[in-house]
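As you go down the protein sequences, you meet chains A and B in turn. For the record, in the first sequence the residue sitting at position 329 is 329 according to our numbering, with numbers rising by one throughout. To convert a position in the second sequence, counted from 1, into our numbering, add 1000.
Please note that a few of the clues may not be correct.
Sample of chain A residues with no beta-carbon within 10 Å of chain B, all distances over it, derived [said to hold, decoys possible]:
| # | residue |
| --- | --- |
| 1 | Y73 |
| 2 | G107 |
| 3 | A157 |
| 4 | K160 |
| 5 | G214 |
| 6 | V226 |
| 7 | S358 |
| 8 | D364 |
Below, computed lysine-lysine pairings styled on BS3-like, alpha-carbon distance capped at 27 Å [as the list claims (entries may be wrong)]:
| # | chain 1 | residue 1 | chain 2 | residue 2 |
| --- | --- | --- | --- | --- |
| 9 | B | K1073 | A | K134 |
| 10 | A | K245 | A | K153 |
| 11 | A | K160 | A | K299 |
| 12 | A | K317 | B | K1027 |
| 13 | A | K134 | A | K342 |
| 14 | A | K299 | A | K55 |
What follows is a list of derived Cβ distance ranges for each label pair [what the hints assert, rightly or not]:
| # | chain 1 | residue 1 | chain 2 | residue 2 | range |
| --- | --- | --- | --- | --- | --- |
| 15 | B | A1109 | A | G303 | 47 to 53 Å |
| 16 | A | Q88 | B | Y1098 | 39 to 45 Å |
| 17 | A | A175 | B | A1130 | 30 to 36 Å |
| 18 | B | G1124 | A | T182 | 47 to 53 Å |
| 19 | A | P284 | B | G1235 | 53 to 59 Å |
| 20 | A | K414 | B | L1297 | 50 to 56 Å |
| 21 | B | A1057 | A | V74 | 46 to 52 Å |
| 22 | B | P1105 | A | K414 | 35 to 41 Å |
The set of hints was computed from the structure by calculation and includes no laboratory data. Glycine included, each C-beta is placed from N, C-alpha and C at the ideal position.
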Amino acid sequence: MRVRMLAAAAVAVLTVGGTAACGGSADDSGAVTLKLGFYAAAGDPADTTMRELVKEFTAANPSIKVELEVAPYVKFFERLRTQIAGGQAPQVWLSDGVLVQEFAARGALADLTDRVKTVNADDYSGIELNRDAKGRIYGFPQGAQTPVLFYNKKLFADAKVAEPTADWTYDDLAAAAKKLTTDTNGDGKPDTYGFRAYSPGFTESWWPIIKAFGGDIVTDGNRKVVVDSQQSKAALDWMLGAMGKDGFAPDYATTEGLGKGVVHTLFATGRVAMSYGIYARSLPATTAGVDFGVAPMPKGPAGRGNVAIVNSWVVNKTASAAQADAAWKWITFFSGEGPQRKWAELGEAIPINKKVASTALPADRHAFLDSLDAATDLGVNAVWSEYTEALSKRINEALSGATPVDTALTAGQKDAQEVIDRFYAGQTQ
Amino acid sequence: MTVLTGRAGKAGKAGKTAADRRPSARKRLAGERAWAIGFASPYLLHLVALAAWPLLASLWFSMTDYDLVSSPKFIGFDNFVRMFNDGLFWRTLGNTAYFAVLFVPTQTALALGLAIALNQRLRGMALFRAAYFVPVVSSWVVVAYVADAVFNPQTGLANQVLDFFGLPAENWLQDPALVIPTLAAVAVWKGVGYMMVLFLAGLQAIPEERYEAAKIDGASAWNRFRYITLPGISGTTFLVLVLTSIETLQSFEQVFVMTDGGPHGASELTVLHLYRQGFQFFQMGYASAIAWVLFVLVLALTLVQFRLQRRWVHYA
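Excised from the complex, chain A in its bound form:
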């Protein structure tokens, strides 16, 4: 009797579990439930637009029911990791571009290489930036970010300095920045700096500068750290000069002292006349009423050092065939002209649909598109978060003046390489 009861209970548990597990698969009528995750702060216009697009999508595809999972960025990815562990992750989610390979290398994502072949790759930006060392693609672009040079037109006019051009070099940038640095209240500290050189977000700081000076960060399929070079040293020395003897950029302590995230508002609040910024920085500047222009980043000895991040849709490897199909349908829907145009209105990212990008962006913002075309990826690999953090710590030590540049670069290269080697040691993928 007892054994029979236990068996019945086990069957009941398995039945409930099985039903739950199959909850998102297609039923007999062909209907499928798709859990879709994306990150947005509460009340963010991006949240509203995404919900509107989901409504449009489900109206056009009545057999697909979409359940949304939204959370602010940090919370979203923190929860996602535990959801994956518990088999409860969305079937399709928006990934920060730099995290795609982290999830893919751990077997969490479906390989989209064959599906990507079904679209005309020439119509979209950033597909190649998602290709891993073995040529596989695990994410399809949702929106692109690439840094260009933002400049405040009013501050340039007030200081009677000519606006940046595509021919600018780092010397031109420094010369203009010095003229734009002003101390209006006479306390010995500039109230307006010409340029913002240091940022904790290295995409808009030391990464492109090192590349422009001829250095590099990682090579060989992003598995070999090569940052310890004379070119990198020259780049960091240029930054230290800007924040030190030349005095046209706020130093490390001043920038960090502003608090988390405030560094990104330095340009919007007029504290700096020029700053490297990704497309998303347009929004706070526009909201603050800053009359600004964008120009290509200046030329260094080895070019402009353009880099890009392509935030991407990824599909959960555990999604059923019907869910994966529905997820791909959503991805192609979102990449279409209508949704891309609607998303572009937010001013949050460069549309990845090239046709939309060429018309949605005003002519004087096309520096973003040129930069995107010339960009390389941000050294993404399976341990991007960890190795870039190890490297950043060392480089920031140098930029704060706590450690000589040479020492910091040598230590940073060693620390970052250790992280990469630990992961890839003995791996075949």
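Could you slot chain B onto chain A? The hints should help.
For chain B alone, kept in the frame of chain A given last:
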């Protein structure tokens, strides 16, 4: 037991007595045990499901390579070997120890001082006690904003005070040499109210007659404090030291909100390091190993404190 068995044997022959009809002591005990287990079972279930099981799982994970996505792979003690060779782990442990050395004695001494100052029968004293307790119930996010108002290098009150005295401004949270002392100061400000309440309770438990007798004998204020108050609250002091030490080794929220471990790792405490490994870098196995080492450290420290308390704690 033999007596009971003997009686039962006799009763078997002569028929049942009233005493035999009562449940035997053994049966009564068994019944009481069943009731006890019944009443304790919700807690036991909670203990097993939400404490013991996760603890054992974490111990297992500490001996695996577990990235949260694929199945854990058993790797023996590799995570522990890696940890002992991980310079960053030792650095975070050093940061934590430095934080503890500054925080524990400062908070304990200040809490005791405040408790003595506020252990008076004066009007409005409850208001002062409440004022010191307010930071305790505030979240770290709120405290971080308050701390920024004080320690912001450009606009903060601390640098304005330095400027008033003609001293140079400091980068309180951006200077590797100053960040831990500044964090310790903020932590003391936030936590001192709670420990002050514990000391107040301890002070109020000391019989007034002891002070009266000492006064009659001509003892000075210092001697009354040294020979009556301090021994009288030694139990509370011990509790405060144990709680504060454990709290320090588990510190996370404050650095996560205020510095994120910066500048360049100077304030990265061990639990923040653990969090990063587990939840940012997909290394739950390694994070579990750090958690267990931290657990052993907390346990060892607490045991040492328990051992030492025999020499100086008096329970009156």
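Comparing the hints with the structure gives:
1. With a cut of 10 Å on Cβ distances, Y73 of chain A stays outside the contact zone with chain B, its closest approach being about 13 Å.
2. The beta carbon of G107 of chain A sits about 5 Å from the closest Cβ of chain B, which is not more than 10 Å, so the claim that it is off the interface is violated.
3. At roughly 27 Å, the least C-beta separation between A157 of chain A and chain B is larger than 10 Å, which holds for a residue marked as non-interface.
4. Listed as outside the interface, K160 of chain A is consistent with that label: its C-beta sits roughly 29 Å from the nearest C-beta of chain B, beyond the 10 Å cut-off.
5. A cut-off of 10 Å between C-beta atoms confirms that G214 of chain A is not in contact with chain B; the least separation is 25 Å.
6. With a cut of 10 Å on Cβ distances, V226 of chain A stays outside the contact zone with chain B, its closest approach being about 21 Å.
7. For S358 of chain A, the condition that its CB be more than 10 Å from all CB atoms of chain B holds, with the nearest at approximately 37 Å.
8. With a minimum CB-CB distance of about 34 Å to chain B, D364 of chain A clears the 10 Å threshold, and the non-interface call stands.
9. Among the hinted pairs, K1073 of chain B with K134 of chain A is consistent with the structure: their alpha-carbon atoms are about 25 Å apart, no more than 27 Å.
10. Between the alpha carbons of K245 of chain A and K153 of chain A the distance comes to roughly 26 Å, so the proposed pair stays at or under 27 Å and holds.
11. Between the alpha carbons of K160 of chain A and K299 of chain A the distance comes to roughly 23 Å, so the proposed pair stays at or under 27 Å and holds.
12. At roughly 59 Å between alpha-carbon atoms, K317 of chain A and K1027 of chain B are farther apart than 27 Å, so this suggested pair is violated.
13. With a CA separation close to 34 Å, the supplied pair K134 of chain A and K342 of chain A exceeds the 27 Å bound.
14. At most 27 Å may separate the alpha-carbon atoms for a hinted pair to count; K299 of chain A and K55 of chain A exceed this at roughly 45 Å.
15. Distance hint check: the CB atoms of A1109 of chain B and G303 of chain A are about 60 Å apart, inconsistent with the given range 47 to 53 Å.
16. For the pair Q88 of chain A and Y1098 of chain B, the beta carbons lie near 40 Å from each other, so the given range of 39 to 45 Å is met.
17. Hint check: A175 of chain A to A1130 of chain B, Cβ distance near 60 Å, so the stated range 30 to 36 Å is violated.
18. Distance hint check for G1124 of chain B and T182 of chain A: the Cβ-Cβ separation is about 52 Å, which falls inside the suggested range of 47 to 53 Å.
19. The beta-carbon spacing between P284 of chain A and G1235 of chain B, approximately 56 Å, falls within the hinted interval of 53 to 59 Å.
20. In this structure the supplied range 50 to 56 Å is violated for K414 of chain A paired with L1297 of chain B, their Cβ-Cβ distance being about 28 Å.
21. At about 25 Å, the CB distance of A1057 of chain B to V74 of chain A disagrees with the hint of 46 to 52 Å.
22. At about 38 Å, the beta-carbon gap between P1105 of chain B and K414 of chain A stays in the expected band of 35 to 41 Å.
Checked against the numbered hints given earlier, this structure breaks hints 2, 12, 13, 14, 15, 17, 20, 21; the rest are met.
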